[in-house]
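Dock chain one against chain two, each of which comes alone in its own frame, and use the hints as you go.
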Amino acid sequence: MVVRKGLAAAAATALLLATAACGGSNSGDGDNASGTGSSASGTAAAESSSSKLDPVTLKIVMPGDRPADMDKIIAEAEKRMADTINVKLDLVFVPWSDLAQKTQVMLASGEDVDLIFDAPWLHMDQMISAGYYEPLEDLLDQYGQDAVKVRSQQMFDANKFQGHIYALPLGNTHLAGRTYLVRKDLREKYGVAPIQTYDDLISFAYKVKENEKDVVPLLAYGQSGQKDVTWGAFRAFMEYDPQLLRSDALGQSLVLYYKNNDGKVYNLFDEMEPRVWSWIEDARKLYTDGLIHPDVLAIKDVDSVINSGKVAVAVYNEFGVPSSISAALAQNAPGAELEAVTFIKNEKGQNITNFKQANFQAIPKVSKNKERAMMFLNWTADKDNYDLLAYGIEGTNYEKIGDDQYKQIGSGYSYFPYAWIWNPTTDRLNAGFDEESIKHYQFNKDASNLTASILTGFSFDPAPVINEISLYNATEDKYYNALFDGVTDPDETWAKFKKEAEGNAKKIQVELQKQIDAFLAQNQ
Amino acid sequence: MGIAREIIRNRYLYVLALPGLMFLIVFAYVPMAGHLIAFKQYRLADGIWGSKWIGFDNFKFFFMSSDWYKVTFNTILLNGLFIVCGLGIALLIAIFLSEIQNALYKKIAQSFIFMPYFISWLVVSMMVFAFLNTTDGILNRTLAANGLDTQNWYLMPRIWPAVLTIIYVWKFAGYYSIIFLAAIAGISGEYYESARIDGATRFQQIIHITLPLIRSVLIVLALLGVGRIFYGDFGMIYGIVGDTAPLYPTTDVIDTYSYRALRQLGDFGKSSAVIMYQSVMGLVTIVIFNAIAKRIDKDAGLF
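Sequence order for the protein chains is A and B.
Numbering of the first sequence is given in this note's numbering, commencing with residue 1 and proceeding in unit increments.
Numbering of the second sequence is given in this note's numbering, commencing with residue 1 and proceeding in unit increments.
Hints were generated in silico from the structure; no laboratory data involved.
Using N, Cα and C, we set each Cβ at its ideal position, and we do this for glycine too.
Please note: incorrect hints may appear among the correct ones.
What the hints assert, rightly or not - Below, a sample of chain A positions facing chain B; criterion: calculated Cβ distance under 10 Å:
hint, residue
1, A108
2, A130
3, E435
4, Y472
5, L520
With the rest of the complex left out, here is chain B (with noise of 0.2 Å):
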């Protein structure tokens, strides 16, 4: 009786919130149900619920082989990295861009930050190789034109997971500046006023006003990004790095390490299997951090 009465009550809410929830039903929890899939020795033509139950069969061609703990490794690693640097930059930009007094400089710094954001993976990709490659690149001819010692990048696996850092902060920070700022702008100006009339500069402002009220917005942020730690960014990663064997050491994910292993056989099961692996990660690593960040701050979970 509960339920129907708010909804009567607030139907033109809910009316709006329809697409959303259609949105997230049609593409969030059907496709839920294809989990299944990963129990079974799916062929099209039998459906899925014609095909046959195979148990954990498909789980094994990844946790049999010596790799799968490495590319867990690096993805958790390269977006841990993501997350820190991409958020902690974009929240510095946040900062700088907030304290600008020229309306119109701001605007245009602003569009600048974001604009990478547009940029395709794959142009993206071409841009990096113009940037590194040996025998003309960006990088190795000023090295040459200082007198230093030019070097193969792409046979260097050390350097990549800043490489990719720096890729995915110079794309993204911009994308989540725009947040942070959007958090900012909703401060009240009281605060700031009465703080100088205490005498607060500007840096102390900062830090006693401006962070703690954008905290919350900084947790979701946070949070949402640990949700999906266990999936490599294929687009990126695979656009940027390719079929480039020497880098895999570094750069191998879970997406990238699967996709090579199974085009071949275009094997639905086992594709399944490794993104039930890494639902049921994610879906762990979120429920601790959540309970994290509720003990950190009383309101800044997600649930």
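Looking at chain A on its own, in the form it has when it is part of the complex (with noise of 0.2 Å):
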């Protein structure tokens, strides 16, 4: 009795709750449907005089928070466009643990949406599978020449789909930063010389091993979804001669990988590469004498542990010591300073890439302002009006340094142009990094600085293989982070691992091939 009473109230609440939801969401719906019904004439009308267009409102979606000072900004670009594509904006920001979600609920219930920010990690190939989104190549050829202008062809070249470009790509470099944050203040207490090479960087870990008790010397990833940031496997980003690229295939995985740009997959299985090798023994070797964090296979929140200042040396996914991470640093452990160190080369042609780029807006098909869209990322790409988007007022949220850099003021206006509006080109490096990070995302600006993948343009269609992948992934998830952060031995584990995922891993390279073939055979 006392559970089912419990259960209806339960329900009754959560009735209560839904119908509430449900009519704060409908009026929403109806405002927006008002507001573009009146755009959609717009546009008819904008097309017959294009002296002054009508006001329309444009919905984007975009994933994160919306920054305290949102309001502020929106109402300056109005105010700048009111004379010339006349957009007013209404932004959606959907948070990230709901991003995948509830885009895919909003495309697949044609709600009007006239940008939204998708990306290949999201669900970018199945929604353009899907059908939804429009191809932009007539709209960027009449009404986006600018937001073509500040990206470099190959950006454009690299991300089509199905032979089409589907969304603007979004990025400021073509190339991914890697790094290892190091404690400048121990490096100095200790006088070590500023860090050269890998080997300098481990005999610097042995000294912090020998003489600070309370501080892990090394830290890496080590949860599941984070293969390519683990110890040993990080190094691929930071060697040459040949470097080893991750496959389209399996995307953080080392086990199918391509070198020497001959269009070859090549399958450790089958060979293992002695440099792998002996990134896998040196890691083990690390995590023995007790350098690697001993939980790095359970840590899930990396950044905080490195907050903590705790921790000597740690792998990071960009050029530059961030500053949320140095400003926390800085708090927890007073005296403490990081310092980027990357042994990525900053030579011409010595970095192959694929310029495949992470995030993009799309217009889906059933906006009724795609015209105006376009429009709004073209008037984005102006550099006054990509600085008010990007990093806020002038003065009150950041101040100009030079014509490439910036200083973030307060934290109203939080930093988010990857989402909606980011380019090599017109974009501002934070101030706050050091000059070497600083002359690798310069260098990295320009795409003539980079040799080109001869796969450029590849994407792979997993369908045929869809099993193997599922089956794949699960079996890796079980040794490669162990393997790679010198948790286990490495002969057993990965004999152990061999003998599970060979099958799969050979399947699914066969497969790699043919597409690559298929496509190689196709370019010439």
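Printed below as a string of structure tokens:
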């Protein structure tokens, strides 16, 4: 009886909440419907007379949280646009945790959205093959010349899906940065010279191990969603002759890889790459010597461990020390300071890349304001407008430093240009970065400094081997990080891993090679 | 005719039941149609009916792996431990609480035992890590202070069923004990009175009066638990264990396994296939256990 009553009460409450929520969103939709109703006629009118455009409200969906000062920036932007493209902005922020589901439902239900954030790591391929996005070639030609100009040709060529540009690529560089964050204060304390090579880094780590009881010398990632940033695997980003590049089929894993830009898929199960094996053995030695954090596989929030000041060296996925981490560290461990060390080369042609970007803005098929949406994207390519949307109001939210750097003021306008306007030309760098990191960013802004992979523009269709991929992923998760973080014995773990995963890996390799061969044959 | 008259006669009671019924229809019965997706190559754009039928293809990925029986076993073992230890200790707590005479102390104790129920799994996970981590975990510090060897708990899968059970009991025992307490409060005081006149001790009263009279509540709660025995508590297990590979041998349950296998693909069909497997197995178990429960006590079954 008691249980039943409890259930009924819970049910009643849930129902109340549900209806309240529905009511809320319904009225919201109503507003939008009327807004877009008038705007539809607006576009029609705009086509006939180009002198003055009727106002149109664009609904733009983005990840993250709405910054406190967003309304002020929108007001300023709308004022600037009033005489030209006359666009009003309705920015919808979706929390990261709900992003995949919510945007998918928005598209599937045909909600009236004019611009939407998507990414290959989200569900871009599925949404494109489901036909939700408008191909952008014509719109870019007609209304998007500036948006094209601020991005490199490679960026567009490489980020086609099924042969079309389905979304505007967003990126401020052509090569993802990778860095070792090193505790500068500890390095200076022990009189170690600035770190130049991986061996320097390790000998510094041993110094820390000997002298600092409470500091763990090395930290990498270990949770199975983060295979590319384990201690051993991370070294692949920093070593050359030849570079080992992760495959299009398995994403973060090195088990299938490319080298020498020869269009071949290599498989570690067929033949172990001696260098990869040396990384694994090195990681094992560092782990058994007590240098790598003993809980490396269990730590979920790596940043917070770095912030606590109990780590001397950690791997990180950007160039430069992020300001959020250096601020938190300074607070938790007074006197502690981080510096960025990377062994990625800054020489023309040394780095091979496929120019794939990680973030995109797409125009859904259902949008009634496709032209205006493109005009807006084009408008954001202007330097002054970009500054406004990316960094906020000058003097209030940020301060310009030269032509290509900025300093953030306060926290009223958080950083999110990567979600809607990012491009390598008008983007400014955080002036808090060290000189070396800024050099890296500037160098990699120019596409011609990088060697194009012959697979530029290739994308893998997983459908024929989808069962193998899901099985392979489940197996790999059991062993990969333990291997590359040195937590378990290499020979034994590799043997088990190979036994369970070899068959599926082979099938994926064969399929990937087949698709690559077809791609290359077509391009010749 | 009979049904219509029944409804008209008790219309106000049925109106009271309406919100609950609606809830069940919307959230429990309508989604059942979604099981169809398990047999389809589901694409959002085509919708449920438009997608292609592919028979049992979606089930292949799960049953082709060498791990499916291991994760099924883990799921049953962990949930079995949760049901037995969770309800057992909740029952003890309820009996102890009901025997406390001082009303103020009783209320305070009850609140403290109930409190962990409100802590989210994410926070629990951080607490567990603070307790068990190798470098400065409370447990290892205590061991070291007493001159014992420290252990790397996150590399020892065999202790984790116990760890998870302790956490589960800590979090839910207070919640279930309230249900038991309510049942105990419903027992007429006359039973105890006459028992005392006959010279029964406190302990004898518990064994011969309290326990038999709340047995049906215990069985209902146990049956509800058994019905979900094939569902790993994803929020709990993924929250606490996360992607910590060395612990998979004992803590990987059906839900976490499929999550890992499918998270990059986002395939509705395959995930529905796994849910279908869990639902069907859950249905079979509950039918069996309900029959057993009815054998023991004719009124105790759920249906």
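Hint check:
Hint status for A108/A relative to chain B: holds, with the closest Cβ pair at about 5 Å, below 10 Å. Hint status for A130/A: holds, given a least beta-carbon distance of 4 Å to chain B, under 10 Å. Contact between E435/A and chain B, as hinted, is not supported at the beta carbon level, the nearest pair being about 34 Å apart and thus beyond 10 Å. Contact between Y472/A and chain B, as hinted, is supported at the beta carbon level, the nearest pair being about 9 Å apart and thus within 10 Å.
With its C-beta approaching chain B no nearer than about 25 Å, L520/A sits outside the 10 Å limit, and its interface hint is violated.
The structure fails hints 3, 5 (numbered hints given earlier, in ascending order).
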